[in-house]
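Chemist: Chains as they are written, first to last, in the numbering used here: chain A, 10 to 286; chain B, 10 to 286.
Hints should not be assumed to be uniformly reliable.
As the list makes no split between identical chains, a pair holds if one copy fits it or if it spans any two.
[To be verified] Computed cross-link-like contacts, BS3-like style, restricted to lysine-lysine with a CA-CA straight-line distance of at most 30 Å:
#  : residue 1 : residue 2
1  : K82       : K131
2  : K231      : K82
3  : K231      : K220
4  : K220      : K265
5  : K131      : K238
6  : K274      : K220
7  : K238      : K30
8  : K82       : K265
9  : K131      : K13
10 : K82       : K220
11 : K220      : K238
12 : K13       : K274
13 : K30       : K231
14 : K12       : K82
15 : K30       : K12
16 : K274      : K238
17 : K13       : K82
18 : K82       : K274
19 : K13       : K30
20 : K274      : K30
21 : K265      : K238
22 : K265      : K231
23 : K100      : K30
Everything labelled a hint here was simulated from the structure, so no lab data went into it.
There are 2 protein chains.
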Amino acid sequence: MAKKIAYLGPPGTFTEEAALKYDPAAELVPFYSIPAVAAAVDTGLAEEGVVAIENSLEGSVTDTLDLLIHESKLRIRCELTLPIEHHLLVKPGTEAVNAEVIFSHPQALAQCRRFLERCFPKAQMAAALSTTAAVEQMMSSSIPAAAIGTERAAELYGAQVVARNIQDRSPNVTRFVVLAPDDHPPTGRDKTSLCFSFDEDRPGLLFGVLKEIADCNINLAKVESRPTKESLGRYIFLVDLVGHRQDPTISQVLEKIRARTSMVKVFGSYPRCDVAP
Amino acid sequence: MAKKIAYLGPPGTFTEEAALKYDPAAELVPFYSIPAVAAAVDTGLAEEGVVAIENSLEGSVTDTLDLLIHESKLRIRCELTLPIEHHLLVKPGTEAVNAEVIFSHPQALAQCRRFLERCFPKAQMAAALSTTAAVEQMMSSSIPAAAIGTERAAELYGAQVVARNIQDRSPNVTRFVVLAPDDHPPTGRDKTSLCFSFDEDRPGLLFGVLKEIADCNINLAKVESRPTKESLGRYIFLVDLVGHRQDPTISQVLEKIRARTSMVKVFGSYPRCDVAP
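Based on the provided sequences and hints, a complete structural model is requested.
Modeler: In structure tokens, the structure reads:
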């Protein structure tokens, strides 16, 4: 029986494309929010779940970070990257130049800002909950409209691609993670993601943790901060360490981090995905 | 003549409220994007501009960070905080319980998720470009609708507030910054915001900079990373240092940071705003 993989739907999103790339033989099950994807895996509705975690232009997907920090016990089992290509779509037989309104997810509108300002200075921008929802809204719009969406959304909804790769900058790449009840066994080319916080606000606390990492000669692949949600100006720090949590150096540094912080949560160790520049 | 202050409009947004709190006597001029607010100040259309930079639940406003990093030469002259209170609004004389669609900005929808899931499990969520646009769309909706918006938007559009403070968590506080051609003279209780990056990707580079800051006994109020937009996995780091850039310790550490990085941009020094816990 094919493995069931939950993903942030509807069909036609970049996350569906990432899930297909991760496991072309799997049965893909769309869910309508990032917490819903995690809940599907938590409850056994699906074996694994695919969600976006970071984009090369827009930065972190904060819903995914906050889920890992606050809500889910799932581990990161894998990561993969996908180039993001935005296209301009219209109803077949209509002219893009007449579009009075352009539908898309706010992030897609932001990533195509220069193209939109130059080619559609007078069109109104309309926010949609996903690029797929945008294509659906465009197809049923009573006023002349266009949408920013994917090749696959064009196929699924019968829309016509009239301009390709309209994003302001390349490369536009998104990193996705596969969430599962367990993380990945060591492969020799791994990464460990975790978060930590402090119960006091004193100079040098974060520095002390980073010093432990540097003293062990561990490469810090990423540092990021998220609000604790308790008060403004207090943060939870997220780091990616090069190595597997079962490697002796990583497991020792994790102990040292635990001794210096009030909370540590390891999101998992998984094979590093090499990123083309 | 009253000082002209640009803000992220339309009227009725939290940013308008922040601008009013900052200078109740100013003439407020709404602009429709964060880059447009900066452009208004850059060109002299307004003397200062107010934009949100960070929320206690959602984290950084990445459009503002990216503007400071990549686009604008404006300085941060001031910061201020505002409690964010979301209310549920309907057309006068209609019942909220009948709402089939709920309009708001995606961030407001996210901040009220628990309330919406409990009280409106079957309603459809519709994204709007601002909480004010959401109220406008709700008022002209032909199907039974509600919107999440502010007290002031209710006043401006003649909507009725039917539930107050529906956000999932308190305190929900947003920090705003005032952008101007020059930053603020020293007050003795200041903060300096800057960003830096490296032209190579070697372990210990970020650590080296944080060590200079720790060695000078300077309190690091914030560390944050944003994508360089050049490739996935390369970052620009943003830090807030306690002190004014004209203080000898801060000006020395800035020199040391310059020596260790390929790019430094100081966003400005300004009086620290004390944050209630």
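Chemist: Please go over all the hints and tell whether each is borne out by the structure.
Modeler: We went through each hint and held it up to the structure:
{"no.": "1", "hint": "K82 - K131", "verdict": "between (47 Å within a copy, 28 Å between copies)"}
{"no.": "2", "hint": "K231 - K82", "verdict": "both (21 Å within a copy, 27 Å between copies)"}
{"no.": "3", "hint": "K231 - K220", "verdict": "both (15 Å within a copy, 17 Å between copies)"}
{"no.": "4", "hint": "K220 - K265", "verdict": "both (10 Å within a copy, 18 Å between copies)"}
{"no.": "5", "hint": "K131 - K238", "verdict": "between (39 Å within a copy, 27 Å between copies)"}
{"no.": "6", "hint": "K274 - K220", "verdict": "both (19 Å within a copy, 25 Å between copies)"}
{"no.": "7", "hint": "K238 - K30", "verdict": "between (35 Å within a copy, 24 Å between copies)"}
{"no.": "8", "hint": "K82 - K265", "verdict": "within (22 Å within a copy, 42 Å between copies)"}
{"no.": "9", "hint": "K131 - K13", "verdict": "between (45 Å within a copy, 27 Å between copies)"}
{"no.": "10", "hint": "K82 - K220", "verdict": "within (28 Å within a copy, 34 Å between copies)"}
{"no.": "11", "hint": "K220 - K238", "verdict": "both (26 Å within a copy, 28 Å between copies)"}
{"no.": "12", "hint": "K13 - K274", "verdict": "within (27 Å within a copy, 48 Å between copies)"}
{"no.": "13", "hint": "K30 - K231", "verdict": "within (25 Å within a copy, 37 Å between copies)"}
{"no.": "14", "hint": "K12 - K82", "verdict": "within (21 Å within a copy, 52 Å between copies)"}
{"no.": "15", "hint": "K30 - K12", "verdict": "within (14 Å within a copy, 56 Å between copies)"}
{"no.": "16", "hint": "K274 - K238", "verdict": "both (16 Å within a copy, 29 Å between copies)"}
{"no.": "17", "hint": "K13 - K82", "verdict": "within (19 Å within a copy, 50 Å between copies)"}
{"no.": "18", "hint": "K82 - K274", "verdict": "within (9 Å within a copy, 39 Å between copies)"}
{"no.": "19", "hint": "K13 - K30", "verdict": "within (14 Å within a copy, 53 Å between copies)"}
{"no.": "20", "hint": "K274 - K30", "verdict": "within (29 Å within a copy, 40 Å between copies)"}
{"no.": "21", "hint": "K265 - K238", "verdict": "within (26 Å within a copy, 34 Å between copies)"}
{"no.": "22", "hint": "K265 - K231", "verdict": "both (19 Å within a copy, 22 Å between copies)"}
{"no.": "23", "hint": "K100 - K30", "verdict": "within (28 Å within a copy, 47 Å between copies)"}
Hint compliance for this structure: no hint is broken.
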